[in-house]
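Participant: One-letter residues, chain by chain:
Protein chains: 2
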Amino acid sequence: MTVHPVLIGGEWRESAGAEQAFHAINPSTGEALPECYPLSPLAEIELCLEHAAAAASIVRTWPGERFARFLDAFAAKIEHHAEALVAMAHQETGLPVSPRLKDAELPRTVNQLRQAATAARDGSWSQPTIDTAVNIRSQLEPIGPVAVFGPNNFPFAFNSAAGGDFAAAIAAGNPVIAKAHTSHPGTTRLFSELAHAAAQETQMPPGYFQVIYRCNHADGVMLAKHPLLGAIGYTGSRTAGTQLKTAADAVGKPIYLELSSINPVFVLPGAVAQHATAFAEQFAGSCLMGTGQFCTNPGLVITVASPETETMLGDIAQRFAAAPVGVLLSESVLRNLKLAVGTLVNHGAALLAGGQPVDGAGYRFQNTLLKVTAQEFIRHHQLLQTEAFGNASLVVVANSADELLEVTQYLEGNLTGTVYSAADGSDDELYQQLEDRLRPKVGRLINDKMPTGVAVVPAMNHGGPFPATGHPVFTAVGIPAALRRFSRLACYDAVRPSRLPAALQDKNPTRTLWRMIDGQFTQADVVAK
Amino acid sequence: MTVHPVLIGGEWRESAGAEQAFHAINPSTGEALPECYPLSPLAEIELCLEHAAAAASIVRTWPGERFARFLDAFAAKIEHHAEALVAMAHQETGLPVSPRLKDAELPRTVNQLRQAATAARDGSWSQPTIDTAVNIRSQLEPIGPVAVFGPNNFPFAFNSAAGGDFAAAIAAGNPVIAKAHTSHPGTTRLFSELAHAAAQETQMPPGYFQVIYRCNHADGVMLAKHPLLGAIGYTGSRTAGTQLKTAADAVGKPIYLELSSINPVFVLPGAVAQHATAFAEQFAGSCLMGTGQFCTNPGLVITVASPETETMLGDIAQRFAAAPVGVLLSESVLRNLKLAVGTLVNHGAALLAGGQPVDGAGYRFQNTLLKVTAQEFIRHHQLLQTEAFGNASLVVVANSADELLEVTQYLEGNLTGTVYSAADGSDDELYQQLEDRLRPKVGRLINDKMPTGVAVVPAMNHGGPFPATGHPVFTAVGIPAALRRFSRLACYDAVRPSRLPAALQDKNPTRTLWRMIDGQFTQADVVAK
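Chains as they are written, first to last, in the working numbering: chain Y, 85 to 613; chain B, 85 to 613.
Calculated directly from the structure, the hints in this document are not laboratory data.
Please note: incorrect hints may appear among the correct ones.
Which copy is meant is left open, because identical chains are indistinguishable; a pair holds if it fits in one copy or across any two.
[Claimed, not checked] As a list, the in silico DSSO-like pairs of lysine-lysine whose alpha-carbon atoms are at most 30 Å apart:
# : residue 1 : residue 2
1 : Lys533    : Lys591
2 : Lys525    : Lys591
3 : Lys309    : Lys533
4 : Lys161    : Lys186
5 : Lys161    : Lys525
6 : Lys309    : Lys186
7 : Lys161    : Lys422
8 : Lys422    : Lys533
All chains, please: the whole structure from these sequences, using the hints.
Facilitator: So this is what it looks like as structure tokens:
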């Protein structure tokens with residue numbers, strides 16, 4: 085049995101943790117895949133950190149163009165090897181080849197890398213600011229080695245070796261240590277081989293990109309608080325993320341988390357009356373797409389009791405029952421989904437559809453719809469907000485608009501909040517009251533469409549109050565904003581002109597760089613006074 | 085004995101904690117001042133939070149103009165009552181009336197409030213971003229009630245009821261709960277009376293500005309993690325700040341801290357050879373100004389051994405011995421300074437000047453200069469970075485330039501790092517090597533002048549890596565950047581036009597607001613395509 089090597093200090097080398105190697109599992113069959121990957125011990129993680137710190141020191145003052153070249157070269161290689169990547173990811177995750185992996189997620193991943201390259205080249209993300217009267221100048225600069233922990237549910241777009249956090253950290257000028265998600269090590273290996281080749285072609289220093297496949301929790305905590313680490317990007321479970329957060333916070337290390345979100349969807353009475361069928365169709369599609377394994381999956385619906393509401397719920401339940409059951413990403417996703425549905429049922433939720441694992445090979449759970457009264461929800465508001473990650477959703481039925489508003493008060497922080505309302509304005513007064521309560525609790529407020537689908541555009545916010553993320557001012561998606569997470573503010577006070585970084589010198593280095601000079605945004609040079 | 089009331093929910097009311105009242109102490113005499121202030125119990129803090137949350141909900145969508153009017157009205161009142169404020173602050177802190185309080189700190193405070201008003205009016209701080217093709221729009225919005233814990237050393241410019249965090253939190257549209265520093269409750273009371281009057285005049289809701297004077301540590305922790313609180317601004321000791329940080333971090337509550345900083349100053353060999361006398365004069369002035377009680381006080385000097393260095397240190401020691409000894413802010417500052425100097429001496433530092441408390445009334449400590457070898461510093465690098473807050477500074481003498489660089493590797497995060505180098509370029513190679521190591525560790529890098537003096541300009545960074553602050557991307561001084569700390573990113577996805585905030589509607593509401601539309605900064609309207 086061959087155990088794949090890890091990439092440390094610019095070389096593929098045998099891991100000291102090869103004896104504790106693991107296989108990925110094909111979730112469609114439940115069978116182990118042949119490839120084998122090591123569990124890296126602490127010494128190996130520390131070696132990564134030393135190489136990454138050396139690389140950070142080398143590239144600290146490089147122009148954005150250098151990182152852009154690497155990102156572009158990597159993106160081209162991914163396109164060239166798309167077939168192998170899609171085949172591997174399909175095998176490791178059970179996600180459909182088309183349209184999901186091949187036509188949606190892979191192009192999105194390549195697009196993110198290229199957007200990040202453009203942002204690195206342009207440099208405006210770093211917010212150069214110059215005050216001429218006092219000769220004080222500042223910009224955001226790279227924070228140093230970034231450890232990226234990717235999630236299970238996006239083998240491409242959030243992969244620790246190619247996804248959003250990777251692209252943002254690299255574009256901001258930082259080395260990356262990728263920790264593969266253990267449910268898709270092969271996909272991560274293929275990305276890493278391409279990233280390494282791209283790094284060599286574009287003359288990045290050894291240690292600029294490194295990969296390990298697994299580490300134990302205690303060593304992950306050591307990594308999170310290590311003095312040589314600059315910051316952490318983590319997407320995954322609330323339990324593991326909270327452990328890393330506690331460790332990083334204790335030493336003031338920036339950690340950017342995406343933890344859990346149930347993405348409440350409100351259907352106001354006018355929308356139920358006017359758009360029940362359209363809603364049922366959109367909701368079922370959104371909730372079951374990718375077997376419901378999206379960070380922005382609509383896990384909670386809140387509406388007001390009426391005969392039309394009952395009809396609508398019946399319609400949704402039928403759609404859930406009739407839809408094919410998708411594959412879940414792993415045995416642990418299945419186990420946690422079963423536990424979460426149990427928690428909901430044990431605290432007053434009634435099953436309208438599904439509720440049980442599906443017999444047979446592979447990891448599948450019936451498409452599951454649950455219902456609970458608003459009173460019951462308020463009584464057990466913490467447990468009834470348990471994230472049922474996968475193809476399950478809970479509907480809260482309030483007796484009145486006031487009760488619907490009261491439910492809102494008990495919501496935790498979420499990535500998204502969605503409101504469907506009547507087209508004729510009949511819900512508008514309630515919308516305003518609801519918005520007052522909902523807006524502060526969600527990162528992205530949506531009207532009349534489902535929260536799944538996260539456009540990679542500058543105005544996107546894929547963030548939100550805890551526990552959706554660790555800090556509500558940052559976003560994981562959306563360039564250039566996502567880059568700022570992996571930076572620190574660096575000010576130059578009376579520093580001699582020849583010693584200033586290019587972006588802070590009098591002359592605008594590219595003529596396209598946006599800078600704030602004496603309080604005004606401009607692309608001009610500093611004008612001598 | 086009359087105990088002053090607290091300001092809660094728009095009314096001055098008797099505190100339930102009047103029985104545990106305290107006096108401020110005049111540090112010049114060590115005697116208690118006549119006025120008496122309560123210790124607020126938890127129920128009172130929770131009442132503040134309820135009123136503040138109600139106020140936050142009311143003002144959430146108000147235009148910046150409303151907050152600007154309040155800030156401007158408050159600034160005018162401060163100017164009108166400058167004499168009383170200066171007299172009170174002098175009595176409570178021992179800081180000199182002129183130029184410090186009257187001619188420097190008070191004008192700076194008023195200037196900060198007016199800069200914050202201008203930023204609120206303009207609105208560009210909130211970074212409105214619009215992507216027309218997908219109709220996604222986002223901006224920074226107020227985060228909700230902000231608790232401000234001010235420090236002892238700036239009774240005006242960082243006062244919890246008038247200083248930098250107050251101004252930034254208000255300008256970003258948030259209610260403030262001010263927790264007075266217990267060493268200057270009277271100054272805080274005067275500010276609070278003026279702020280309250282300004283709030284009434286400008287029709288701010290009750291609970292928009294509130295003040296308490298003291299609470300115990302456990303209740304401070306409850307406040308920091310309370311669900312109704314939006315964020316915390318804290319400037320003060322590392323011990324108390326770390327307790328609040330742990331509580332806030334555990335529930336993902338943004339907390340912005342300014343903790344401790346010893347502000348290393350490097351004097352390179354050419355600078356010693358060419359500018360020793362000028363350096364000695366500037367250094368002694370900076371270190372002893374305000375009895376050394378500045379966040380950016382130069383507490384650590386690092387230089388290379390030579391006969392000229394010995395002469396320069398002798399010169400500095402003479403200046404320290406000859407300079408008048410200032411008053412320290414409180415008995416606890418004196419006690420901590422004595423302890424810190426003891427820690428330095430016990431770990432190899434030799435006294436070149438001072439080292440003892442000054443007998444007599446009031447709180448005074450001799451101007452103190454210490455020296456240690458680089459080897460000794462490296463051996464006890466943690467304890468020898470103990471902040472000796474006050475008129476004391478430690479000089480590290482390296483045997484070589486290489487040893488100076490090695491010392492740099494052991495430095496903790498600091499607000500500032502300063503390098504004095506030769507004018508003729510003879511230190512330039514060493515400067516580059518030093519900058520590589522120093523730049524990532526300090527918020528503000530300074531050339532050839534002392535770190536004291538923090539200009540309130542957009543490019544300022546009064547921040548830095550932990551333990552100087554809690555997060556290296558934020559600054560406590562510098563508008564508009566300081567406002568962003570007290571905000572969250574709010575995205576609107578397909579939200580109907582009539583429901584959008586003014587700054588995100590197609591029409592630029594002021595024509596001066598800077599927005600990023602489809603990736604470009606502009607002050608224009610959204611153009612229909």
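Participant: Please go over all the hints and tell whether each is borne out by the structure.
Facilitator: Now the hints, each set against the structure:
1. Lys533 <-> Lys591: between (47 Å within a copy, 25 Å between copies)
2. Lys525 <-> Lys591: For Lys525 and Lys591, only the inter-copy Cα distance (27 Å) is at most 30 Å; the intra-copy one is 43 Å.
3. Lys309 <-> Lys533: neither (41 Å within a copy, 34 Å between copies)
4. Lys161 <-> Lys186: For Lys161 and Lys186, the Cα distance is within 30 Å only inside one copy (15 Å; across copies 65 Å).
5. Lys161 <-> Lys525: neither (40 Å within a copy, 36 Å between copies)
6. Lys309 <-> Lys186: neither (37 Å within a copy, 45 Å between copies)
7. Lys161 <-> Lys422: So Lys161 and Lys422 fail the 30 Å test inside a copy (40 Å) and across (63 Å) alike.
8. Lys422 <-> Lys533: Within one copy only: 28 Å inside a chain, 64 Å across chains, cut-off 30 Å.
Checked against the numbered hints above, the structure breaks hints 3, 5, 6, 7 and satisfies the rest.
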